[in-house]
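From first to last, the protein sequence lines are chains A and B. With the numbering used here, letter number 45 in the first sequence gets 45, and the count goes up by one each step, no holes. With the numbering used here, letter number 330 in the second sequence gets 330, and the count goes up by one each step, no holes.
Rather than coming from a laboratory, the hints here were simulated on the basis of the structure. Don't be surprised by glycine CBs; every beta carbon is placed ideally from N, CA and C. Everything hinted at is true.
Quick look at which bits of chain B chain A covers, simulated, 3 or more residues with Cβ under 8 Å:
1) 149-160
2) 228-239
3) 277-289
4) 340-351
5) 484-498
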Amino acid sequence: MFKHILLCTHGTAGAQKAEAFVFRQSAADSALQVSVLTVLDEDWRLMTGDDWLNSSKTHTAFLDHVEEQVSEEIGEEWQRIRDTYPAASEAVFLQRTGSIAETITRVANKLHCDVIAIGPYQKSKGIFSHAEKGLRARMKNEILHPLLPCPLLIIP
Amino acid sequence: MSRVKDHVPVLLMGGLLIVYGLIVQTGILLPMMKYLQTHKSMDLQMTLTLIVGGIAIAGALVNSVKEPGNSIIDRFFLQPLGGIVLILVMAMAIRWYLEPLVEIMSEALQPLLGFGIYKVLNLNYVVLGILAGVLLTNTWGIPKFAEAGVKCARFVLKMGVIMLGARYSFAELAKLGVYSVWLVGFFVLGTVFLVLWLGNLFKQPKSMTGVLSAGMGVCGVSATVAVAPVVKAKSAEMAYTIGTILSFGIICMFVFPTIGHMAGMNPVQFGAWAGTGILNSAQVAAAALAFNAVDIKTLKVAEIFNITRVLFLPIIVLVLATWFGKESGHKLSFKSVVIDKFPIFILGFLLLFGMSSAGMFSPPSHYKGKYIDVSYNDRTQVTNEEWVTLSKAMAAGEFSALTPEQLAAVKNLIEQRQIAGNYAERNDKKAFDKVGRARMTELEGVLAAAKAKELTLSSDVKGAIKHAIKQVHKKSKTIVTLTDFMIWFFAFGLIGLGMQITKKAITQAGGWPIVMGVIAGITKAALSFFVVLWLVKDVVLN
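Can you build the whole structure from these sequences, using the hints too?
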């Protein structure tokens, strides 16, 4: 049915549902091309908050460290996917930096994907819950929907 | 054409400022300004709006025809112009309209609520400025034309601190320095070790406790940003720590001044407490100005504590790097840890302090480095509390034993909130000065009569009159001008920094960092409160 799926994941429980669905489809249809996209949230640059004491050199060092650290964590997630789903060995893995909705739609457009697959809405965990990787962020439908170049598949 | 379109908002702001300046010049707005108690700044409003408006239009026109370049003028003036003008417009609107309106509304609501919102939340122009910045960035977002300019806030705040250097004497700096080194040293190191111990107790990763200990112990987000690469903090650890520190700091910014007023702290005590207990250094400055925005005593004390904390940062980074390096086998150079982290703007602060101490800003005509300034200036006013004290004493007939001239001087002090000449004569500097000085002499006579037991005045009333007289004794014209600029620089910097506090960053707070951060933050704030009340006595500040 689909030729090229863009699977968007950052490793949360919801995103893992989307991974399972996409690689089930991929295993059943060898012609199906899968691209796995993980977005490095550009809002990391806002995490320096109201810091004014540090020099731009220290800011740059911090942002470089964030990029290195998040890339390492993304690499671990991709390895988990490869270990879990044999079909993932054929997939293309992509890491892009930007705002989440804009980056997903831009990549889907560029790769001529015919569907974007994402996980379902996840209820926020309490603030005292165990730390998850990356930044807590939500995509807003009103931003994502008008930009979509192809159907959006939300895997429940 | 598209480039012109990009600069339309700046052109519009510039145009509106010039129109506003011209309207102010006609005097049409005088009744409203009198109602808002901002009429004394009428000349300043006119001058500032015309100058900023003119620069905005000229800069926007140049930007519209010129290709963006990489010269100093491009990077430091033309590119950030939009943001600079936006923040200045916000600062002016808040200073001249929003703050007086909030004060008037607060007074109107006081009978209904039983307390004054303005007083309890310390909603002066500094706090309102930060709130406006936070509100703008989290609702509409920072407009594209202003993005580069907003980033200037960091630089401008540093300039404010550098200018503040001119306001200290050797004696003040020595006395405050001793307090700050001991208090900051004890609480910085104490909090760092408390967090490291809590991390060990709760079996948390070293990278997380390392980054949190620096943030909670030294200077909030700044320390977190400096230490995160050193201890190789994970993404969630950085996000949770920064979120926790920002949330805790914003709460402190509102709570500290209110508690300080309730506890009857003097400016030195409050400055010392805020400088020790509040995490983020920008919020220290904001809380100090929220506690007392009339004069800059509290800010002077708080900034010395701030600077001491910042000087501790490279030391803490070195300690944590050594501690973490031992675990990971990762070695860092002295240069990358200490020299690269040294806050260079402190050298500027020391330079201004040195120039001021050498008498470069106080010409011989200003006897003993002081002169009388009865012109209109917010910093020559009495505080709100003092104004209320004087008004109540007048209503209660406490001044009935005064001579008619003395009574007239006190009435005028209540009316104008400062010792000054007649408002109508403000353009005739000689006449204005003469009347202002005569009023000061009468008020000095009131204090002398009270001292000689010729009349009875409460200590609060005497204190208010004494403060009013002290307020018009200034160091030098150059320092007054530097201070005026400095206050605008602080307001500008804090509004700009408010624009960089996002809801998304705050809502990252959570996990173990929030548990350990709250324990450490509250312990530090509470302990430093009692230690400051116990140890820190008033230091005579000029």
